[in-house]
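Asker: Spelled out, the chains give:
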Amino acid sequence: MIEHLNWVATYVFVAFFALVTIMGFVAARWRAGDLDQLHEWGLGGRRFGAWISWFLIGGDLYTAYTVIAVPALVYAVGAYGFFAVPYTIIIYPLLFVAFPRLWSVTHRRGYLTAGDFVLGRYGNKWLELAIALTGILATMPYIALQLVGIEKVIQALGFSGEGLASHLPLTIAFVILALYTYKSGLRAPAMIAFVKDIMIYVFVIAAIIIIPAKLGGYGAIFDAAADAFAKKGGATGLTLKPGQIMPYITLAIGSAMALFIYPHALTGILSASSSDAIKRNAIALPAYSLVLGLIGLLGLMGHAAGIVVSNPQDVVPQLFLKMFPDWFAGFSFAAIAIGALVPAAVMSIGAANTFTRNVWKPFVHPAMTGGEEAVLAKLMSLIVKLGALLVILFVPTKFAIDFQLLGGVWMIQCFPAIIFGLYTRWFSGWALLAGWAVGMVVGTYLAWTPGAWVPVHAVFDWFVAYNGLIAVTLNVAISALLSLALRSEAPDATVPDDYLGGRAIQA
Amino acid sequence: MKYLLLLVPCVVALATPLYNTVEPQLFGFPFFFWFQLLLVPLSALFIWAAYLGERRQ
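Protein sequence lines, in the order shown, are assigned to chains F and Y. In terms of my numbering, the first sequence has 119 at position 119, counting the first letter as 1, and numbering is strictly consecutive. Just add 1000 to wherever you are in the second sequence, counting from 1, and you've got my numbering.
A few of these clues could be false.
Interface residues of chain Y toward chain F, partial, derived using beta-carbon atoms under 8 Å [claimed, not checked]:
hint, residue
1, Leu1006
2, Pro1030
3, Gln1036
4, Leu1039
5, Val1040
6, Pro1041
7, Ala1044
8, Ile1047
9, Tyr1051
10, Gly1053
Restraint ranges, calculated between C-beta atoms of paired labels, are given here [unchecked claim]:
hint, chain 1, residue 1, chain 2, residue 2, range
11, F, Asp223, Y, Arg1055, 46 to 52 Å
12, F, Pro325, Y, Lys1002, 46 to 52 Å
13, Y, Pro1041, F, Val8, 34 to 40 Å
It is worth saying that the hints were derived from the structure and are not from the lab. Model, not experiment: these values are computed from the prediction. Glycine included, every Cβ here is placed at the ideal spot set by N, Cα and C.
Start from the sequences, fold in the hints, and give me the full structure.
Answerer: The following block contains the structure:
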């Protein structure tokens, strides 16, 4: 079990893990508020200024799984894996334009989730339920994949075991995470995000300077990767094959539409203290996208370093073990593992807020008080994390990866109701619900093929596009047509001024 | 003006056929890679410009 352990790397790893564990519990007292209220536990009291939000949102969106999966894809196929770069470029103009409006209306009306906003705007609790369940469903596999990130680095430390014992370190890490998230709420990942993000920046800067220096420069790295792809053949290479161009573009657009409506992304944004803090973050957050692009290059460095792995997800850990001294490999692995804790915590909080406000409260117990909401949400955050852990312990990882792929397709189906709703009430709630339902079914159907779940579908021979984008186009068309027929009589709880910033009516 | 500034980085980032080449290389990087990496800080500058423009109004 531990006979092959890399002790130096493990000591460094455990030391950093212990540090963030202490921070997670201490965070309860940071910018203290009444943690028995849901907006305090679940949104940090909306007290995070531009700086804290930058660390929190960056730490929340650029997850450990990303650090493993993007280089894995670049290692496997080359240029195509780089779609993460245009994707993370176009999200920030969208953040700048639309999300200050969402922050403003949620702040003014006391909304905590996308479902709250949709209910207020359209007066339709079934649409609220659809948005809420989609968010929870899409978040579950995402949390599970964070665990995959932790497990990969623990394996790279040399830990091995039979059966359930092989998951022992992961289980311990996750129980600790669950406890301090329960106690401190969003304050815990916000505080840990400082450590996580600084560690990731350090490891990336070291990697892009030291590894090329050892491998003969970037020219040699790209040459070695080109050779490896030439040998491998198929749709691989340092540029896109003609047939990959439309999938590349549509994957970037579709992923960007989905990202900020995931519950964990919204939780990060809505916890900001002002709409100006969000706008300033739209300017500063691309720093993480640059880091993500550089992390993608690690996949190419893997080829130059002669790393051969059967599972591409092992390429980053193996590269670090080979290129760096043990203590720095331990540091980098800790960065990845801590990088999993922040998003996993925020995701479980986002899902818990959503379940409490938009599933339990409207359908089971409408008279809930703020205190009862906080109790339920804390409990839900534990249940959600337990569910993710059980998936990793008992179901093949492939299941979580496929499920996550579908999660993105489903999440986009909420885009029309939420984002269009920030600008107009022309669409009716029932029409949006019908569009959502069609989008969910069509998106899932397109992804299914007899052999595997796939991300893209050939609409015409010459036009292959991301399933989520095809499905949401249909979703918008149906929502628009039905809105013409079914004019909505339901009340709109918001007024135009709510979207424009200004002071809150209620806390 | 604000929307135009924000649109530019999106359009360029999605104009994939324009940058899907190896040449011209820079510091050993194929164009495909260095162009997209360079576009990230440039996009931030465009958003910053939009922000300043909005404040001036």
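Asker: Sort out which numbered hints this structure fails and list those numbers smallest first.
Answerer: Violated: hint 10 alone.
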